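Protein chains in written order, with this note's numbering: chain A, 1 to 100; chain B, 1 to 510; chain C, 1 to 636; chain D, 1 to 192.
Among the hints, erroneous ones may be present.
What the hints assert, rightly or not - Straight line, CA to CA, 20 Å or less: simulated SDA-like cross-link-like pairs of lysine to any residue:
#  : chain 1 : residue 1 : chain 2 : residue 2
1  : C       : LYS111    : B       : GLY152
2  : C       : LYS28     : B       : PRO370
3  : A       : LYS85     : D       : ILE134
4  : C       : LYS582    : B       : ILE284
5  : C       : LYS160    : B       : SER440
6  : B       : LYS474    : C       : ASP586
7  : B       : LYS361    : C       : SER26
8  : C       : LYS594    : B       : TRP44
9  : C       : LYS582    : B       : LEU164
10 : A       : LYS85     : D       : ILE159
11 : B       : LYS445    : C       : MET65
12 : C       : LYS160    : B       : THR437
13 : C       : LYS568    : B       : VAL287
14 : B       : LYS470    : C       : HIS159
15 : C       : LYS576    : B       : LYS107
16 : C       : LYS161    : B       : LEU164
17 : D       : LYS139    : A       : ILE65
18 : C       : LYS161    : B       : VAL287
19 : C       : LYS161    : B       : PRO370
20 : C       : LYS161    : B       : ILE368
21 : D       : LYS139    : A       : LEU83
22 : B       : LYS24     : B       : GLY152
23 : C       : LYS582    : B       : GLY152
24 : B       : LYS297    : C       : SER69
25 : C       : LYS582    : B       : GLY237
26 : B       : LYS470    : C       : LYS582
27 : C       : LYS160    : B       : ASN438
To be verified - Here are some chain D residues the structure puts well away from chain C; computed CB gaps all over 12 Å:
#  : residue
28 : GLU3
29 : ILE9
30 : THR32
31 : VAL39
32 : PHE52
33 : ALA64
34 : ALA67
35 : SER88
36 : LEU98
37 : MET99
38 : VAL102
39 : PHE103
40 : ASN128
If you're looking for bench data, these hints aren't it; they were derived computationally from the structure. Nothing here was measured: the structure is a model prediction, and the numbers come from that model. From the three backbone atoms N, C-alpha and C, an ideal C-beta is built for every residue, glycine too.
Each chain, written out:
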Amino acid sequence: MIGISHYLILSGLLFSIGFIGVLRRKNLLMLFFATEVMLNAVNIAFAAIGNYYGDLSGQMFAFFIIAVAASEVAVGLGLLIVLYKKYNTLDLDIISTMKG
Amino acid sequence: MEHILSILIFFPLLAGILGFIVDKESARAYGISVAAIEFLLSLWLWFSFDTNSADMQFTEFLPIIKEFGISYNVAVDGISLFIVIMSTMITLIGIISLNEEKIDNMKNMIVSLLFLEMTMVGVFVSLDAIIFYLFWELSLVPMLYIIGAWGGPTRVYAAVKFFLYTFAGSLIMLVGLLAIAYLYHLETSVWTFNLLDWYQLDLSVNLQFWLFLALFIGFAFKVPMFPFHTWLPHAHGQAPTIGSVILAAVLLKMGTYGFVRFSLPLFPDASVQMIPMVIVLSIIMIVYTAMVAFAQKDMKQVIAYSSVSHMGIIMIGVFAMNAEGLSGSIFQMLSHGMISGALFLLVGIIYERTGTKTMSKFGGLASIMPVYATIFGVMLMASVGLPLTIGFVGEFLVLLGFYEVSPIATVLAGTSIIIGSIYMLSLFKKSFFGEVTNESNRGLKDLNAREITALLPLVAIVVWLGIYPKPILKPIDNSVQKLLTDMEYKARTPEAKKSIISIKRAKEEK
Amino acid sequence: MEKLVYIALFAPFVGSLFAGLFFARSPKNIIVGVVNPALIFISWLASVALAFHVAEHGAIHVTMMDWISAGALHIPFGFVVDEVSVTMMVVVTTVSTVVHIYSNGYMDHDKSFNRFFSYLSAFVFSMMILVMSDNFAGLFIGWEGVGVCSWLLIGFWYHKKDVTPDINPAISPSYAANEAFIMNRIADLGMLVGIFLIYWNVGSLQYDVVFKELPHLEDGILVAIAIALFIGAMGKSAQFPLHTWLTDAMEGPTPVSALIHAATMVTAGVFLVIRANPLYSLDAVSDVSYFIAALGTFVAFFAASMALVNRDLKRIIAYSTLSQLGYMFAAAGLGAYWIALFHLAAHAFFKALLFLGAGNVMHAMDDELDIFKMGGLKKVMRGTYLYMGIASLALAGLPPLAGYFSKDAIIETAFNEGTYVLWFALVFTAGLTAFYSFRQVFLTFDGEERYKRFGFHPHEMYRYVLVAMSPLAILAIIAGWFQDSFHEFIIKLLPEYEMSHHTHHNAWWLGLLVLFFAVSGIIIAYKKYARKGDKAFKQDKKVESGFFYKLLMNQYYIPAFYVEFIVKPYTAISDKFWAIDKAVVDATVDFIAKVIYKTGDSSRVIQNGNLSSYLNWMGIGAVLLILASAIAVVMG
Amino acid sequence: MYEFIAFYIFAISTVILFLITVLSKNVLYAMTSLAGGMVMISGFFFLLGADFLGVVQLIVYVGAVMALYAFAMMFFDTTKDVKEKYNSPRLVFLLGGLMAVVFVVIFSAPIIGENLQVASPITNGVGNAEAVGIVLFTKYLVPFEVAAIMLLVAMVAGIILAGKKMDESLTTTVLPLVDKESEDEILKKESR
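Starting from the given sequences, assemble the full structure and let the hints guide the process.
Have a look at this one:
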């Protein structure tokens, strides 16, 4: 039988994949993809836990996460466009204005 | 005048804020009048103080944050009363001594001094740990500014060192204070920072030890105890005269006052347990810094190091755990305030005249500036603890009281009367005796009216309290005896009970 | 009678304030020269009146006001006038009055005339407090007070610069003053410890309470108290090894040497031992007492030996003072307190006279002190010669002068106690004393007039000064005649000391022996130093380069030893400590600060502005956090 | 059994698709595989009985979000591959791998949360969408409304950031330092 740990392990693996993406990617757009992966991984975990404990709160959280992800993408892409206009690139190695 | 203490705290603050809009030319006059009013108010406090009572008086209580038991809670007893008066007096004398020609931006100086006065008074009258801590930290800011703005060439280094050093110490102290409040909460499930409530708290010896250590670091940095003393010579070396005067006379006393007000009554067992450590540090502090003082070439540094040495005497008095030693040490705080204040003023005067503090540049000053030399001589004798000057009473009582704790340590600490006279007399000989070695010194003017006005009250007090210390010693003694009785009552271990000698038992033995 | 006590005590104080406050900055003012001696004289009158009162009605005890009270400690300003203190008061005021008048002449040309009188009167005041106080703390006030006045007066000519010890062994007045003060402070610490011991074991510092309580204390504590108090006495009375300051103190003006460093202050130590006689006569501390006697005897001989070769007029007298102080301690240590006090008084008179005479010589010889440059002065200074002769005879102990009675009694005591080593040392020292004091007299006043070669034009002192000195001269002669009445007077307070029958039996040959030594000393001195013409005194190069001569001339190398093994190491250690303070203690703190700065500097690399590397760091942090929580879960 | 097979099919395909997303150099491939992966994830939701959530996942993620990405990509030059420099590829994989291992270890260990409390139990006999609706409009009403406002704000922000003055950069525009009058005039002109 598929237990909750199956889902959680899968969620952990997906999260790690997203995490590798976040660390590895220098292209900002690709970075966004990686974060989406991580968000989705977490959603699975929420839904699985909610299901196995007969609690709708898990689903609710996943639901709100989707909402947040959507707005994140909206604002984030807008910012990306602005950035691209300014630097004409999305490479993080070139855009390093936060040097302390 | 029920709110005399609040007036004492906030009058300088208000006057300081108003000081920003005072005309530049009249800033000094303004400062003098404000400080004089403040001083008179503090004298009024003394006259309406019931000298026969050992309790807290003029209590004011106003809750600020009820949930955490933080309140504006001020009061004075015999221990703090005179330190408050000394603070206001030294501020007044300091402002009088300011030289309009040598200090630019007099207005800022006056304002800083008034703010400083507020914090000093605040520290000594606070009975709430948080308010105490607030004033304690606030006192750093004006002093930092005074050193940083009017100091010598490496003033920024000195000021930052002073600030960071004491700040680091007081943060650890804050942790200790919060821990006490937490423990109080655990025991009674009431949050309070009221010191008088804390006095009722009965802590295990182990807890006392750690809390004592936390507070010890905060206070010891301020005193400054060996080996945390090195900020002091830097600060004194760079600070303007007025800064040194107030630093030595009042700010250092915060540390020793903290021991008396917090460490002893809160942790009687730990205090007794820690006596050996304090003895060792204090004796190193007394002897070692006195010897370092002897090696100095700079007049001001001699006095700076001598300050450390004298603070050592005060420290052993605090830990004598009997009425003689503790009263003596509080009296010694006052006397050291007067004497070191006067000595720094005197060095400042010669520095203003010649632009140097190096002793080898002087010599034979006694024949050029006789009045100056005389006052210096009086202060010097008071500093080495000559009987019938203020310096003797405190030192004698401290050593007398401490003898009960450890005769050998007393002899070692008592060497301060020898090595103290060595460095002081050699300073006096190098600068004042002999032929006039530096021809350019020949034209030096003796003290002017402004300087005499600043110094004469100090001379008068040094002699008056040396001959008749009773009006001050008696209230101090009352409060100290109460403190010791409480400590003895509170102490858990039999060793502590044995070490703390409140007056009652001393009489029973007779 | 209380009023008289206060008059005796405060008249000098008024004089000091009078000269100090009103005339400090004005040039020499004759009013000061008249008023101050007058005030001291008033004090003397009061003291004498008190003496008669005490003789008839017993001691007077007054308490002026509270001084220090804290805890169980209560110290009042209390004064007691009893047989011992009134004797001291009379001695002090007598000598002081003479010295004050004398100073008018001696300090005639000094620009700090008024200041001098202010200090001098302040000294008398402190000394009066010392002797009159009714408790140990009050004694300590006076004890320190005379120390400061001595410091001020030794360093009176502070403007003189430092010279090397070859030219002037004392280096400079200010150096000598500091040396005296610091040496005294060392001993004062001992005294303070004694006071603390008394307080914690008795609970009071009042003499009467303490002395009543003493027999109930443990032996160990009694010994400790006795030792501690005696250490204090050693400093003030310049006993070995704290003796070097006294000869250097001769840098002060000569009236000061007469008053402070001969007649009064240096005898304070003896006074303390006499005052504390209930302590020192206890059986438990008999060892300490014997040590006091032995040390006194040693110092008597030790100082006399150094006086034998010295060429400095004042230093010779200073050594003789040291030596006589040794006699006093010998007597006090052996239990003959009243004899010690008697010798103290007699010594005060003739030693002050001797010093004042020396002052006359200095005044005449333009402050020259080398007796080898003098000689034959008796022609021009007849009065001074007479005075110094009398004083030296008294010092040498020839009958019927004061010194004979008092010193003989001490030597007899030593015989009586069966301490024959001490006895013989004291007898032999008596011979030495006679020799060196007459060596000095003959070299100064007799023989060839060597001063002419050095171009001096000596002249006699003012007449009124000579007249003023006459009381001392008379007292130096007659003081001894009152031995019996003094004995009767003082015995009311001090323990009686009686010679055994055996001693009585032998008294006549003992006295003769001492006399024999003294007279032979004088004769040797005369033969060697007082001739004229061909047989005139010649310096013997061979002797002077001998070991003993050099040893004595350099004061057994003790001052050099102190410089080499105490002063220099102290300075070096102080410098080293300062270096440590900077290089270790302070540097440690700075090092901590530097480490923090460095970590900041090196970790700033992280902040390179690259978002990707920030993310990497964040990732590392996240993994660490997760790891930590995982571990926590596993552990917990 | 079906559940078992379905789970593994979905699991393997999501992992592969997401790996492509993360590792691919081509943006287009990455985006496509991301979209595919999200579809697979909605499959998990259906498996878990969260039908409503699955539908939302499909509509919002695969529909709306992916469309947004697609439009965004049009602004960028997608034909050329972004040359990414990898400073420490080993570190990245080490960290990621470590994390994965830790998760696996934690989750395969006996579950700690045996005593989890059920906050909003699933009502039997009520469809998932209905149940979600009940909870959403009772217990989570305020967050729901806040989420709505957030989405609105995000929409407006997206439009402003991306849309306004397409011909010049927003962030680099610096108003010339002019006195207040002329500034007002400029504003007036602009408003006309």
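Here is what the structure says about each hint:
no., hint, in the structure
1, C:LYS111 with B:GLY152, "violated, 41 Å"
2, C:LYS28 with B:PRO370, "holds, 16 Å"
3, A:LYS85 with D:ILE134, "violated, 46 Å"
4, C:LYS582 with B:ILE284, "holds, 16 Å"
5, C:LYS160 with B:SER440, "holds, 19 Å"
6, B:LYS474 with C:ASP586, "violated, 41 Å"
7, B:LYS361 with C:SER26, "violated, 28 Å"
8, C:LYS594 with B:TRP44, "violated, 50 Å"
9, C:LYS582 with B:LEU164, "holds, 18 Å"
10, A:LYS85 with D:ILE159, "holds, 15 Å"
11, B:LYS445 with C:MET65, "violated, 41 Å"
12, C:LYS160 with B:THR437, "holds, 11 Å"
13, C:LYS568 with B:VAL287, "holds, 17 Å"
14, B:LYS470 with C:HIS159, "violated, 40 Å"
15, C:LYS576 with B:LYS107, "violated, 43 Å"
16, C:LYS161 with B:LEU164, "violated, 46 Å"
17, D:LYS139 with A:ILE65, "holds, 17 Å"
18, C:LYS161 with B:VAL287, "violated, 30 Å"
19, C:LYS161 with B:PRO370, "holds, 18 Å"
20, C:LYS161 with B:ILE368, "holds, 15 Å"
21, D:LYS139 with A:LEU83, "violated, 40 Å"
22, B:LYS24 with B:GLY152, "violated, 23 Å"
23, C:LYS582 with B:GLY152, "holds, 19 Å"
24, B:LYS297 with C:SER69, "violated, 40 Å"
25, C:LYS582 with B:GLY237, "holds, 14 Å"
26, B:LYS470 with C:LYS582, "violated, 42 Å"
27, C:LYS160 with B:ASN438, "holds, 15 Å"
28, GLU3, "holds, 29 Å"
29, ILE9, "holds, 29 Å"
30, THR32, "holds, 24 Å"
31, VAL39, "holds, 28 Å"
32, PHE52, "holds, 31 Å"
33, ALA64, "holds, 26 Å"
34, ALA67, "holds, 26 Å"
35, SER88, "violated, 7 Å"
36, LEU98, "violated, 6 Å"
37, MET99, "violated, 5 Å"
38, VAL102, "violated, 5 Å"
39, PHE103, "violated, 8 Å"
40, ASN128, "holds, 32 Å"
The structure fails to meet hints 1, 3, 6, 7, 8, 11, 14, 15, 16, 18, 21, 22, 24, 26, 35, 36, 37, 38 and 39 from the earlier list, while all remaining hints are met.
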